[in-house]
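K.L.:
Protein chains in written order, with our numbering: chain A, 2 to 461; chain B, 2 to 461; chain C, 2 to 461; chain D, 2 to 461.
Some hints here could point you the wrong way.
[What the hints assert, rightly or not] Covered stretches of chain C, as calculated for chain A (at least 3 residues, CB under 8 Å):
id, segment
1, 75-85
2, 278-285
[Stated by the list, open to error] Restricting the straight-line Cα-Cα distance to at most 30 Å, the calculated cross-link-like pairs of lysine-lysine (BS3-like) are:
id, chain 1, residue 1, chain 2, residue 2
3, C, Lys396, C, Lys373
4, D, Lys373, D, Lys396
5, A, Lys373, A, Lys396
6, A, Lys373, B, Lys396
7, A, Lys60, B, Lys373
8, C, Lys373, D, Lys60
9, B, Lys396, B, Lys373
10, C, Lys60, D, Lys373
[Claimed, not checked] Quick list of simulated restraints, FRET-style, between CB atoms:
id, chain 1, residue 1, chain 2, residue 2, range
11, A, Leu392, C, Gly184, 26 to 32 Å
12, C, Gly184, B, Glu126, 48 to 54 Å
13, A, Phe5, D, Glu206, 57 to 63 Å
14, A, Leu392, C, Glu400, 22 to 28 Å
15, A, Gly184, D, Arg349, 51 to 57 Å
16, D, Gly404, C, Gly184, 53 to 59 Å
17, D, Arg14, B, Glu393, 55 to 61 Å
18, D, Gly404, B, Glu393, 39 to 45 Å
19, B, Arg25, D, Arg349, 55 to 61 Å
20, C, Ala353, A, Leu392, 56 to 62 Å
Honestly, the hints are just simulated from the structure, not real lab data. No residue lacks a Cβ here, since even glycine has one placed at the ideal position from N, Cα and C.
There are 4 protein chains.
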Amino acid sequence: MARFRDPPHPLFRRLNASIPFDLRLGPYDVQQSIAHAQALRSAGILDDVELSRIEEGLKTVAGELDGGSFPVHEEDEDVHMAIERRLIELAGPVGGKLHTGRSRNDQVATDVALYVRDHAALGIELTHAVAARLIELAERHSDWAMPGYTHLQRAQPVYLGHHLLAYFWMLHRDALRFEAVRGMSREMPLGSGALAGMNWALDREAVARELGFDRAAANSLDAVSSRDGVFDYLAAAAICATHLSRLAAEIVLWSSEEFGFCEVAEEFSSGSSIMPQKKNPDAAELLRAKAPRIVAALTTVAGALHCLPLAYSKDLQEDKEALFDATDTLELCLEAADPLLAGLRFDRRRLATAAGDELLFATDIADLLVRKGMPFREAHGVVGGLVRAALERGKRLSELDRGELAEHSELLDDEYYDLLRPERSLESKVSAGGTSSERLAEQLEAARSALARLEAQTGR
Amino acid sequence: MARFRDPPHPLFRRLNASIPFDLRLGPYDVQQSIAHAQALRSAGILDDVELSRIEEGLKTVAGELDGGSFPVHEEDEDVHMAIERRLIELAGPVGGKLHTGRSRNDQVATDVALYVRDHAALGIELTHAVAARLIELAERHSDWAMPGYTHLQRAQPVYLGHHLLAYFWMLHRDALRFEAVRGMSREMPLGSGALAGMNWALDREAVARELGFDRAAANSLDAVSSRDGVFDYLAAAAICATHLSRLAAEIVLWSSEEFGFCEVAEEFSSGSSIMPQKKNPDAAELLRAKAPRIVAALTTVAGALHCLPLAYSKDLQEDKEALFDATDTLELCLEAADPLLAGLRFDRRRLATAAGDELLFATDIADLLVRKGMPFREAHGVVGGLVRAALERGKRLSELDRGELAEHSELLDDEYYDLLRPERSLESKVSAGGTSSERLAEQLEAARSALARLEAQTGR
Amino acid sequence: MARFRDPPHPLFRRLNASIPFDLRLGPYDVQQSIAHAQALRSAGILDDVELSRIEEGLKTVAGELDGGSFPVHEEDEDVHMAIERRLIELAGPVGGKLHTGRSRNDQVATDVALYVRDHAALGIELTHAVAARLIELAERHSDWAMPGYTHLQRAQPVYLGHHLLAYFWMLHRDALRFEAVRGMSREMPLGSGALAGMNWALDREAVARELGFDRAAANSLDAVSSRDGVFDYLAAAAICATHLSRLAAEIVLWSSEEFGFCEVAEEFSSGSSIMPQKKNPDAAELLRAKAPRIVAALTTVAGALHCLPLAYSKDLQEDKEALFDATDTLELCLEAADPLLAGLRFDRRRLATAAGDELLFATDIADLLVRKGMPFREAHGVVGGLVRAALERGKRLSELDRGELAEHSELLDDEYYDLLRPERSLESKVSAGGTSSERLAEQLEAARSALARLEAQTGR
Amino acid sequence: MARFRDPPHPLFRRLNASIPFDLRLGPYDVQQSIAHAQALRSAGILDDVELSRIEEGLKTVAGELDGGSFPVHEEDEDVHMAIERRLIELAGPVGGKLHTGRSRNDQVATDVALYVRDHAALGIELTHAVAARLIELAERHSDWAMPGYTHLQRAQPVYLGHHLLAYFWMLHRDALRFEAVRGMSREMPLGSGALAGMNWALDREAVARELGFDRAAANSLDAVSSRDGVFDYLAAAAICATHLSRLAAEIVLWSSEEFGFCEVAEEFSSGSSIMPQKKNPDAAELLRAKAPRIVAALTTVAGALHCLPLAYSKDLQEDKEALFDATDTLELCLEAADPLLAGLRFDRRRLATAAGDELLFATDIADLLVRKGMPFREAHGVVGGLVRAALERGKRLSELDRGELAEHSELLDDEYYDLLRPERSLESKVSAGGTSSERLAEQLEAARSALARLEAQTGR
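Isolated chain A (complex conformation) (with noise of 0.2 Å):
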């Protein structure tokens, strides 16, 4: 530009060009741009034929986008200036026509606004298949008994269906979150100018539509300086990021020879450069790790807004490398889960046997004598006794003869061996939400129905 006299020095060329990643922006910004000329030419400022030369040109750059062969050259600061170049490569000089009426700070605002509500839809689709294929798992494992934990330690039996359908709803939750960041993204930066709004009345309202948005945004200061669709996209991807952290641990730990509870199929295991017979579950460990990298693309967005002034300044370029990582990394781990999932291998065998740990059955005395009138409170510490006095002894629960039962209660029946048993706790459990088989057919059902649900409202 005739303002500067001086070429950029080589390493503030390094430093400030965002063409090695906004590239992948090119599509949104063909589209825009598309947009924008036909406001252009609805307002007169462009007639018919450079309405049509200019759409032409961005066609071409588009089909260049597409095949990997659009030509960026070095002095291309970033996208836009890149296609704009390219376009009066294309077009002559009409496609300096394009930019009246907007600047890169609208532009690439709405760019991201559109890449954010793509990867918002995108993030219900896969989030929505994890869950499905978990209400599939579940209703396969519906009345497989294993031993459900807290701090790691046995406490009460479950149905592996039971314990699958929780990661379910958390996937559900995270569907329902990424809906909610595609409904705060419905308004459209474009025609907000530099920071100011424009000095041509372009009609934004069809534009928006034309782009897919609800509606054009109220203030141009506001829309060229908010990251808050990232923020929004990031926060739900943490979210989500963690649950597949959590479902992924477990897969980890239920995969030691220790546990045996489950076994990762071949083709999503790898081995040891050195020890031949390993076998290790790579893949849940790696949609383990990818958490805490999410919530830094968090941090690293939220860390670049703070203390920062109106309106656009060159630290919101700091959003688009986070954020790409963001999809990129929780939709593979995504599109990776649901086979991952799909080719666990349970051991109903091991699984049984650890719930068939007659410890596991101890609340269920303690209620025992709460039905017979013993406040709950009062039946905790005679079974607590009970249970120190078996262990003390060596003894199983059901080792300790009816003397014994009655050294900690006279209340205490032949009931009490009855209730040592697995199915008879995973049944006694009642409640709603509880993981008797009932009220686990009832959740299974809940479940299903969400998904349609889900499915109706985000129109998949």
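For chain A, the structure is supplied; the task is to place chains B, C and D on it using the hints.
P.N.:
This is chains B, C and D only, laid out in the frame that chain A set:
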């Protein structure tokens, strides 16, 4: 408990005890305990006399908590055990019946859900108040010209009212986000037991209604393991705090002698211990400084959840101090922001002088050339050259004569000189969302409507 | 102050006041104030009588702080002003001379430097204690075989002592890091004034010596603006907390019924409010859970410093709560780690049984083939095939007969069977730093020496 | 491998493959492989011919990596396997002998240690260069008066040279931190095998010397599990980036029209796509904006390590992209900072005008009163009242007459008027580390000495 022989190690007691911070959940704990007791009555586990003794005891506890006289004992591990212990002191052994059919795991998840719901509501209220204040300020300063900035360089003039409304829209989105958080906290964990459900078919839906939830959580394992509500609140709080950070950063900047655009009221300023002339905008600096802390609360919770198998693990206790610090911090910031903004005094003269910088009108000159048929990109170059020439000759743009203009373009006529006034530039920003008076009036109207809709929607 | 007419707004007072948390800096503030008063005496600004009245007043303040009787007033903004106010109450107007030649800016930076220095020293002491405990445990379990893991899959046997020493080296590096933090906090900010230095040529080097610093800070602007010491401490604390997280995660894992490798002492365990059988390793869970919180303290401080122009801004006040929370948290964790580790009871039998898993010796078989001339990569493939064959035939490796071995390689002879014992595998790890008994004895010796060097170096 | 029948799932391949990013470790991998091969020769595992064929092959690989012609195959999981695969292609089956006595676990830890060491050295070099540039700038502007700020309010005058040296000391500490990082990376993981050590007594100390380490790591489990070196580097990088953020934030601020203290060179500035007059300090904005990203790299690694049992888990692979992004980002920032600083043009007149603001001398007036015997706290109040009176009367301090002064204190005499000059105030800051010319000259000398010591110490 009889399960244990050894008392807790003093260091373990210090590490483990949550009562120093979770005591503030006491009122929620009492509230849910009353609802739970009523459900126990409905199920026949308590009789009327027992229920009324428990209710009476809990009401006494509520009063003690409220009045600061609740007695905390050294061995009280957490608020739940402390309240049960106190209840038994007050009501006798019948108090020990209250814990029938529930666990601390679902109890604490319910307390936290109630806390999140209340503070999401408070978030709506407080952001609403700041947003309303911003509308009022924007109205009062709707025709005050000032320079808009990009890259902290003067860019184009805007009205101060327009600039202030940019923050209105941020705060308005924050209110919507808190509303979404409230929407995500509609499921009641209580009744999930330790992890697997309960041996008692209490009417969870009735309890949920009583406590203001929409429904009982669908999966007991998920219900006691999830901290999604905390995560959701913290994400909304982090964005909101980042908005305040940007607003406050501008107040600090504008309060500098160099900008001189505004002055913070004395009652929100501090002096220096050594420099008698100082009047520092401490309140604004503090509003600015809090954002990283709230983001850190989010990362603390995300970190604690990372890798965590189901169901409850003690790591989940790390949610509370982070959440409490975030609510306290954000709410105080929002409360203080309102009178801070109300007390700002803007300097119309200094704003106007800065807005009169003729370089701010360079885009308008380029658009003049566009109106005369020159492609924008070319016009941009022409005006860039003109700017450079003016700077090199030490002249203002209005000091260039027709001959000098003609060196750059024959199309520059007398209208050129007419463009070099802030009013002209401001009023030419006619696009929707732009800063011209008419558009700003529309925007003010839209802001008032949005606020009214929010009030209606959130029942304020 | 006379500069101000309006008193602080109540909300500003709440937002601004640091005394609720910085009161704990009081003893440091008194200490530096005495040194400063002596420097004022040396420069002739105070006479002997004035100095002794100020010293006497400050000693009274120190006593009040120590005894918890220091009176905090509502209008006390921070600990510095509170102590000065109290000094004037005690010593009369002469107390107002103390602030000659200093500012709160250099004063608070000095308090913080003293605090960091003390807590770095405490960090050394506490990590040293845990490290010493780990040596002791390692010695006691130096010949207990257990499986080593990669990817949470059994990999090769190691001695438990070897495994425990891995944590020794982590803690030892932590101690070295805290020593480095102490080294980075050797410059005294005091005497930098508000930002530009003082109008009085006090002997800063004498004050520095008095307060135990190496020298006075070289640049007054840097001295009041920097929080590098806090950053350094928090970085060291974050790594240390992450080491504890890994150690504690293993204790939680090993305490599970499935692993059964160790048991946490009752005095570091908790029961369940509902499940009478539970004995949960809460202490280990909490040690594990604290790392993200300490990392968050670091990001809080980094965030507050981001974009902050020189010199002091109020944002710097955000360093203190983050720092205090981190020191409190880490120090309690380290203190608790020592008795927690001391009270662990390992189960030799379960460890040995797991270490007897023959698949752990696959690498040794591959190395047998290497010793017979086969390239390792090829040997790895041969043994991989062997493992697969054994798994498919449902046999242990020792159950394959010579004929079956020959299907995979003619080189597999009777030595093969001899390799399938943990002792053989353990003792074959003869490389430096390996787990064989001789190497482990050397490592124990090296660990003891490292600890002794640390003691000598840090003057403990 | 024969252990596996099924090939990796395409999605697993994408999730698992590290070669897209770890290929840059190739040169380190070759370097350590050559040293390892020599150790295998010394131990008699390779003969001379085998060694020379392996060395030759590895040198070819090194050339291919260097020239960008190294062929990556789809099934190459990581750089280690790719190089081994290529070596076998080049050297035949003997290449398969190279992996004797090592594992990818110790191999990758060694690559990372070498990478950290090199980039710590580069960190020293680059911070040194910026520090040297700051000394040069400080010398050139050692007697340029400017206002020093606290709370972004003018506080007291300083010399620009003094202000610039504040950053010198920050960068100097950064260099010392990178030196400490180098010191913490002196132990070689190689030879630790998968986790337990090796079946071969290779001479690890000789390999360590060959690779420039001080010694072999003492514990094989720790060596393959630790990422402390990465953590240390990232902590140092995060502090350094935060220093650059503050420096750059000041450049952005000072480049505003309102401050007008400096101008960024054209070759480090960008224009606007729409506003022809714009010259934006993009380079400074980008330097500023990178700090949160580097802090996020630290939190990513800390997060991946959280809860991770020993020894190697795949989660550790998350260290590399975070580390590489941080080194690339920080090094480019430091490289660009040098010419950016060199090209800054300060405006002596505007700086001096701002430094002439008489309110900046209020502390000097208070100290005048102190010299006349008034306690400082009282003097502060007197001058505060004087300032208020001047502001209310719309007068400069020098415009108050003797009568008006006397209203505030009888001690204010003609010296009062003499104090109201920047030179007088500047030269009165005589304390060590203060801004007076003599002290600044000493400081410049100290800075030059510190730099020379650093050069000597780090062997530059």
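K.L.:
May I ask which of the numbered hints given earlier this structure violates, with the numbers listed in increasing order?
P.N.:
When the structure is compared with the hints, numbers 1, 6, 11, 14, 18 and 20 turn out to be violated.
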